[in-house]
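Peer 1: Please work from the sequences and hints to get the whole structure.
4 protein chains.
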Amino acid sequence: MTLTYDMARACVAAAMAKAFEIGIAATIVVLDGGGHVKSLARMDGAWLGSIDVAMKKAKTSVLFEMETQAIWEFSKPEAQAHGLESTNGGLVTFAGGIPLKSSGGTLLGALGVSGGQVAQDLAIAEAGVAACNF
Amino acid sequence: MTLTYDMARACVAAAMAKAFEIGIAATIVVLDGGGHVKSLARMDGAWLGSIDVAMKKAKTSVLFEMETQAIWEFSKPEAQAHGLESTNGGLVTFAGGIPLKSSGGTLLGALGVSGGQVAQDLAIAEAGVAACNF
Amino acid sequence: MTLTYDMARACVAAAMAKAFEIGIAATIVVLDGGGHVKSLARMDGAWLGSIDVAMKKAKTSVLFEMETQAIWEFSKPEAQAHGLESTNGGLVTFAGGIPLKSSGGTLLGALGVSGGQVAQDLAIAEAGVAACNF
Amino acid sequence: MTLTYDMARACVAAAMAKAFEIGIAATIVVLDGGGHVKSLARMDGAWLGSIDVAMKKAKTSVLFEMETQAIWEFSKPEAQAHGLESTNGGLVTFAGGIPLKSSGGTLLGALGVSGGQVAQDLAIAEAGVAACNF
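Residue numbers (numbering that gives the first Met the number 0), protein chains in the order written: chain A, 0 to 133; chain B, 0 to 133; chain C, 0 to 133; chain D, 0 to 133.
Treat the hints with caution; some may be incorrect.
A pair counts as met if it fits within one copy or between any two copies, since identical chains are not told apart.
[Stated by the list, open to error] Think about it this way: if two alpha-carbon atoms lie no more than 20 angstroms apart in a straight line, the pair counts; the simulated SDA-like pairs of lysine to any residue are:
| hint | residue 1 | residue 2 |
| --- | --- | --- |
| 1 | Lys100 | Ala69 |
| 2 | Lys100 | Leu62 |
| 3 | Lys75 | Gln119 |
| 4 | Lys100 | Leu121 |
| 5 | Lys75 | Gly48 |
| 6 | Lys75 | Ser85 |
| 7 | Lys75 | Met65 |
| 8 | Lys75 | Val117 |
| 9 | Lys100 | Gly48 |
| 10 | Lys100 | Phe73 |
| 11 | Lys100 | Leu47 |
| 12 | Lys75 | Ile23 |
| 13 | Lys100 | Gln68 |
| 14 | Lys100 | Thr1 |
| 15 | Lys75 | Gly89 |
| 16 | Lys100 | Asp43 |
Source of the hints: derived by calculation from the structure; they are not laboratory data.
Peer 2: Written out as structure tokens, the structure reads:
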């Protein structure tokens with residue numbers, strides 16, 4: 000099973016609907032399992048800076064197959080893999096990146112969101128992922 | 000007047016419809032007038048390499064406000080601005096990038112397409128731009 | 000409304016006048032709303048290193064539409080978006096970058112200053128922005 | 000003798016006046032003898048792509064202490080230093096970059112212009128240099 004464009008677009012559209020609902024202008028991106036972009040939308044009013052943050056969140060979730068904030072637990076100062084965030088061209092280790100997996104657990108890609116407060120980005124990302132029916 | 004997400008998405012969707020019609024899997028991207036991505040779609044089966052080509056085509060059209068192949072006329076060997084394509088992080092100077100302008104001639108952004116033969120990329124891009132009602 | 004060269008130059012000149020007044024040699028730059036330079040001045044005696052710092056301050060204020068030091072509040076260690084400064088090719092999160100907005104709140108660009116103590120850079124930047132009559 | 004900001008600004012202003020006179024919107028930049036920017040102006044309507052081209056023209060003239068088009072004579076295919084333009088992060092080898100030298104021949108910096116046809120860029124650059132009284 001691989002991520003199709005229709006799946007990716009459905010994730011982005013669902014995330015965008017959530018962002019509208021809570022009044023946030025965000026960039027939303029879905030990457031495939033190789034970390035290459037499938038679908039991206041930058042909503043009107045989203046900071047220009049949100050493009051790179053959303054891309055790096057999604058990339059981070061592809062690279063380590065977990066939600067971005069989970070990586071912080073072992074990359075933060077004093078943790079075992081301190082400084083990990085400076086590898087791979089720069090990781091983002093706060094919430095808003097979520098891996099997309101098949102029901103069998105295979106990595107299909109990831110969704111990244113940036114534009115609001117971190118808790119808002121996470122809510123938008125979770126709404127996007129919930130709409131992906133793999 | 001500035002490019003909205005809805006405009007950008009409509010351009011991408013129209014280009015994608017043309018690509019389906021002629022049987023080409025492409026990456027299609029719309030950038031705003033500052034060269035920042037608004038909407039991107041990579042169709043199933045499109046080469047991974049098409050992402051960067053489509054992005055650079057659209058960027059080239061934003062940077063010089065003309066279709067990509069028009070730049071070749073003055074950047075090619077022996078032409079007055081020979082080697083121009085190595086500036087700005089690398090231009091693409093064959094067809095597939097088209098600037099988006101308002102009816103008054105203001106630059107709003109650009110559309111870039113990559114995935115097929117160059118003439119096919121151009122046909123897809125032209126179909127996308129034709130659907131943009133500024 | 001978009002930022003004109005005359006506006007940008009007026010901002011730079013006013014900032015430069017303030018810098019002279021307080022005896023600081025600085026680099027002062029104005030970027031447009033897409034993050035592209037419109038006007039730049041490096042005063043005699045300003046550190047060479049001030050060029051990149053001023054550029055990154057202005058870019059940071061374009062990318063997130065706020066003063067640079069405001070970003071530190073949520074990008075610093077323990078804050079919600081810790082590490083944000085390593086995105087977008089590197090942000091600067093201390094004072095000296097200020098977004099330029101129309102009276103209606105539209106982002107027109109940003110001004111960045113580097114060369115003195117941070118409080119001095121901020122004072123210079125504020126003097127520049129105050130002279131911009133949008 | 001070193002290039003002062005006032006000299007650099009005078010060169011840029013004179014070049015800008017020439018550009019207005021011939022109806023071209025250009026980016027005009029003056030670098031010092033170390034290749035670091037002193038003064039830059041992007042006129043309203045100048046292509047975004049002109050920023051990097053003007054910078055690279057001026058840089059090229061600092062790096063080899065000659066006008067940009069003169070470098071093409073020995074960097075072009077079949078010439079002795081073929082491919083030289085791909086060194087130093089990319090040179091521009093068509094007209095529009097002119098070194099600034101003291102009456103004694105010391106390199107003080109360079110002026111770069113981009114925005115029009117190459118002959119126009121050269122005319123603008125020459126007008127700028129003519130106004131610099133070292």
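Peer 1: For each hint, tell me whether it holds in the structure or not.
Peer 2: Hint by hint, here is what the structure shows:
1. Lys100 with Ala69: within (16 angstroms within a copy, 36 angstroms between copies)
2. Lys100 with Leu62: Result: close within a single copy only, 13 angstroms intra versus 24 angstroms inter.
3. Lys75 with Gln119: between (22 angstroms within a copy, 19 angstroms between copies)
4. Lys100 with Leu121: within (17 angstroms within a copy, 29 angstroms between copies)
5. Lys75 with Gly48: between (23 angstroms within a copy, 17 angstroms between copies)
6. Lys75 with Ser85: For Lys75 and Ser85, the Cα distance is within 20 angstroms both inside one copy (11 angstroms) and across copies (14 angstroms).
7. Lys75 with Met65: within (16 angstroms within a copy, 23 angstroms between copies)
8. Lys75 with Val117: both (17 angstroms within a copy, 14 angstroms between copies)
9. Lys100 with Gly48: For Lys100 and Gly48, only the inter-copy Cα distance (17 angstroms) is at most 20 angstroms; the intra-copy one is 27 angstroms.
10. Lys100 with Phe73: For Lys100 and Phe73, the Cα distance exceeds 20 angstroms both inside one copy (22 angstroms) and across copies (31 angstroms).
11. Lys100 with Leu47: between (29 angstroms within a copy, 15 angstroms between copies)
12. Lys75 with Ile23: For Lys75 and Ile23, the Cα distance exceeds 20 angstroms both inside one copy (28 angstroms) and across copies (23 angstroms).
13. Lys100 with Gln68: within (17 angstroms within a copy, 33 angstroms between copies)
14. Lys100 with Thr1: Both ways: Lys100 and Thr1 sit 10 angstroms apart in one copy and 16 angstroms across, limit 20 angstroms.
15. Lys75 with Gly89: both (14 angstroms within a copy, 16 angstroms between copies)
16. Lys100 with Asp43: between (29 angstroms within a copy, 17 angstroms between copies)
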